[in-house]
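Residues per chain, in single letters:
2 protein chains.
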Amino acid sequence: MALIVQKFGGTSVADADRIRNVARIITETYRRGHSLVVVLSAQGDTTDDLIAKAGEINPRGSQREMDMLLSTGEQISCALCAMAIEAMGYPVVSLTGWQAGFKTNSSYGAARIKSVRTERILAELDKRKIVIVTGFQGINKYGDITTLGRGGSDTSAVALAAVLHADLCQIYTDVDGVYTADPRCVKGARKLDEITYDEMLELATLGAQVLHNRSVEMAKRYNVDLEVLSSFTGRPGTKVKEVAKTMEKPYVSGVAKDKNIARLALVGLPDQPGTAFRIFSTLAKHRINVDIIIQSIGRGSTKDISFTIARDDMEEACRILEEVRDALGFDHIDVTDDIAKVSIVGAGMVHNPGVAALMFESLYNAGINIHMISTSEVKVSVLVDKCDADNAVQVVHDRFFEEYGTL
Amino acid sequence: MALIVQKFGGTSVADADRIRNVARIITETYRRGHSLVVVLSAQGDTTDDLIAKAGEINPRGSQREMDMLLSTGEQISCALCAMAIEAMGYPVVSLTGWQAGFKTNSSYGAARIKSVRTERILAELDKRKIVIVTGFQGINKYGDITTLGRGGSDTSAVALAAVLHADLCQIYTDVDGVYTADPRCVKGARKLDEITYDEMLELATLGAQVLHNRSVEMAKRYNVDLEVLSSFTGRPGTKVKEVAKTMEKPYVSGVAKDKNIARLALVGLPDQPGTAFRIFSTLAKHRINVDIIIQSIGRGSTKDISFTIARDDMEEACRILEEVRDALGFDHIDVTDDIAKVSIVGAGMVHNPGVAALMFESLYNAGINIHMISTSEVKVSVLVDKCDADNAVQVVHDRFFEEYGTL
Numbered sequence: 000m001a002l003i004v005q006k007f008g009g010t011s012v013a014d015a016d017r018i019r020n021v022a023r024i025i026t027e028t029y030r031r032g033h034s035l036v037v038v039l040s041a042q043g044d045t046t047d048d049l050i051a052k053a054g055e056i057n058p059r060g061s062q063r064e065m066d067m068l069l070s071t072g073e074q075i076s077c078a079l080c081a082m083a084i085e086a087m088g089y090p091v092v093s094l095t096g097w098q099a100g101f102k103t104n105s106s107y108g109a110a111r112i113k114s115v116r117t118e119r120i121l122a123e124l125d126k127r128k129i130v131i132v133t134g135f136q137g138i139n140k141y142g143d144i145t146t147l148g149r150g151g152s153d154t155s156a157v158a159l160a161a162v163l164h165a166d167l168c169q170i171y172t173d174v175d176g177v178y179t180a181d182p183r184c185v186k187g188a189r190k191l192d193e194i195t196y197d198e199m200l201e202l203a204t205l206g207a208q209v210l211h212n213r214s215v216e217m218a219k220r221y222n223v224d225l226e227v228l229s230s231f232t233g234r235p236g237t238k239v240k241e242v243a244k245t246m247e248k249p250y251v252s253g254v255a256k257d258k259n260i261a262r263l264a265l266v267g268l269p270d271q272p273g274t275a276f277r278i279f280s281t282l283a284k285h286r287i288n289v290d291i292i293i294q295s296i297g298r299g300s301t302k303d304i305s306f307t308i309a310r311d312d313m314e315e316a317c318r319i320l321e322e323v324r325d326a327l328g329f330d331h332i333d334v335t336d337d338i339a340k341v342s343i344v345g346a347g348m349v350h351n352p353g354v355a356a357l358m359f360e361s362l363y364n365a366g367i368n369i370h371m372i373s374t375s376e377v378k379v380s381v382l383v384d385k386c387d388a389d390n391a392v393q394v395v396h397d398r399f400f401e402e403y404g405t406l
Numbered sequence: 000m001a002l003i004v005q006k007f008g009g010t011s012v013a014d015a016d017r018i019r020n021v022a023r024i025i026t027e028t029y030r031r032g033h034s035l036v037v038v039l040s041a042q043g044d045t046t047d048d049l050i051a052k053a054g055e056i057n058p059r060g061s062q063r064e065m066d067m068l069l070s071t072g073e074q075i076s077c078a079l080c081a082m083a084i085e086a087m088g089y090p091v092v093s094l095t096g097w098q099a100g101f102k103t104n105s106s107y108g109a110a111r112i113k114s115v116r117t118e119r120i121l122a123e124l125d126k127r128k129i130v131i132v133t134g135f136q137g138i139n140k141y142g143d144i145t146t147l148g149r150g151g152s153d154t155s156a157v158a159l160a161a162v163l164h165a166d167l168c169q170i171y172t173d174v175d176g177v178y179t180a181d182p183r184c185v186k187g188a189r190k191l192d193e194i195t196y197d198e199m200l201e202l203a204t205l206g207a208q209v210l211h212n213r214s215v216e217m218a219k220r221y222n223v224d225l226e227v228l229s230s231f232t233g234r235p236g237t238k239v240k241e242v243a244k245t246m247e248k249p250y251v252s253g254v255a256k257d258k259n260i261a262r263l264a265l266v267g268l269p270d271q272p273g274t275a276f277r278i279f280s281t282l283a284k285h286r287i288n289v290d291i292i293i294q295s296i297g298r299g300s301t302k303d304i305s306f307t308i309a310r311d312d313m314e315e316a317c318r319i320l321e322e323v324r325d326a327l328g329f330d331h332i333d334v335t336d337d338i339a340k341v342s343i344v345g346a347g348m349v350h351n352p353g354v355a356a357l358m359f360e361s362l363y364n365a366g367i368n369i370h371m372i373s374t375s376e377v378k379v380s381v382l383v384d385k386c387d388a389d390n391a392v393q394v395v396h397d398r399f400f401e402e403y404g405t406l
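Chains as they are written, first to last, in numbering that gives the first Met the number 0: chain A, 0 to 406; chain B, 0 to 406.
One or more of the hints may lead you astray.
Note that identical chains are pooled: a pair holds if it fits in a single copy or bridges any two copies.
Said to hold, decoys possible - Listed below are the simulated BS3-like cross-link pairs for lysine-lysine, each with C-alpha atoms no more than 25 Å apart in a straight line: (1) Lys140 <-> Lys102; (2) Lys102 <-> Lys385; (3) Lys186 <-> Lys385; (4) Lys240 <-> Lys190; (5) Lys140 <-> Lys128; (6) Lys128 <-> Lys52.
The hints are simulated quantities; they were obtained by calculation from the structure and are not laboratory data.
Construct all of the structure, not just a fragment, from the sequences and the given hints.
Structure (structure tokens):
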């Protein structure tokens, strides 16, 4: 008899039939004798529809009122799901974020969870009720409604699993787990049975949008056992945990790509101490996240610094840097978004020094040019031309998963 | 510098343009230096749409979950209206029922307001903010969301006006006041400048759906000055108060009709004490409201009792009474919904004994047959055939408002 937290995303509750399907999954778990807390997102496009409604009235409305508006989406899906469970004859109660005890800071639209007061949930579980909780939201110290930002429902679910000391947190979505590469693009992509938090974090950062990154960080911090699985297929998914059981798994657990990036190069910087600090503190002040950074070895009195950022930030970054060009003393900015990042991720990589070389070799054999390289303990990333990205993922995936054994 | 409560109904906030219109009315009032609390209903058909969504999933879902679902409607309209006011550059905050301090009993779907804790609203007014509050809802002692039932937003507004000791409670709707009869049906119907609570109560009960009856009762109890006016025309509306200013107004202030009724007659009841008690306590136990009751004088050992109820209750009332036929001892039930109630209402009536006779005379002159008659201090109601109802209202209205002076 375990305590299980289940989370269902927007596509899983998009219409009446899908809500009934979710109600079936929930009640089957309950019938096996488990205590059950369920976190739901808003139905399908509800959140986008509400944003559009607000945009029609005031494109720059306050985030405080936006959160008041958006939080209704989950309240609707939770009430409907509770009714579907009632129709099946099971005891159930739905709770809003504030009823479920979610306390957040006051960053409307991107609030962080500060604590979860579980009295109400525990009281309902004691009555053997299935507890349905709105994801994505809480209240701040003023009693105002806040939302956690896109994908925040994953974080709500993991937070609940952490404070309730749940045995398992199941994230139901429209894919049936974490794959070695995007199965829609890469032939031979395989579902992973298990993956570590660190690997999952790298994969999420690298554009594999299965789990919200904040939720994985929180799961790692509180050691919550996660499982990613499909609400449509009923098949076992991928378990995310501290140490994956299969110790002898291959060095690489996945290949990912990210096409939504841009590369900037500041050319002809003076070769002085403090240059890098000034560049990146300027960008940080404007909340622009920098990913890969490469600094060339100085040539005479000048050097170049290149880095990648999200493509959406490209124009603003250029504008900001042009403003401080005289202070930084560079010659010009070289910028392109015609690039993509391809990465391999794997906890075993650090103990297998030849892994990066195998990746470079497979790209070389396919005639793909590498522009930048970045490595960490659990990943190797390369920048390639955007037109090469899909092929790059395929050849790298083939190299590690076709030739070097199965998982 | 007054404190004013304004309430806008669903048609007044149905789309972005209308919300902007409402925001203009609100900010104009604010600019005149008044403190302002605004109560909103859900947009247009939102509530019906949500009910339909629930019906698709579970036609007999619990009312507790239904309230969780329906309360989102007002939250959406309030957030959007607040954004419209922000766009005009005024300070504003929207509050849900629980944030605004509405405490109710636990009759989900038809909750009664027990108290309103005004701390939050007063704090926002102190900051010179326009306060937008969701109508129709509150929370019970368990912290669960309740709704007040259809039309409950009027009640929310009057309750706020009462606890805040507001100088005026303006109910904005899609008609520009209370008329001497339904202006869509009756030629010569005129808008009333003022009307008493008692007259308004009778008119509301009689089917003039301008104000929710509970709200008028509450306004009378707490002596809240009401004004009914249109959010579309900008013209003065009708004031509802304890004593209307124009003391010399005519005896009759309005003519109303109600076609949604049924008449039941229990024929051949034993002429014994306690019969009426048993009939009407049985119906009350099943929450069926009885309106007009007529008991015939006994003929020998039997008598008949006739009464009217809402048409929606007709079938259930017949079923319930048939079940206790032996205990009551009647011969058969005679039932029809092919009838309508036509009433005249006026606080001056009690001092003018000939009023009822004038009404009967005008109906006789028009060849309209009267089936039942009921009188109170401020009204006279008659039952007529449904096909005669429109004509009956017109001839009665002509009699009192064409021939006997203007208001």
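These are the hints, each one checked on the structure:
{"no.": "1", "hint": "Lys140 <-> Lys102", "in the structure": "both (7 Å within a copy, 20 Å between copies)"}
{"no.": "2", "hint": "Lys102 <-> Lys385", "in the structure": "neither (42 Å within a copy, 59 Å between copies)"}
{"no.": "3", "hint": "Lys186 <-> Lys385", "in the structure": "within (19 Å within a copy, 74 Å between copies)"}
{"no.": "4", "hint": "Lys240 <-> Lys190", "in the structure": "within (16 Å within a copy, 72 Å between copies)"}
{"no.": "5", "hint": "Lys140 <-> Lys128", "in the structure": "between (29 Å within a copy, 19 Å between copies)"}
{"no.": "6", "hint": "Lys128 <-> Lys52", "in the structure": "between (36 Å within a copy, 23 Å between copies)"}
Violated hint for the displayed structure: number 2, the only one.
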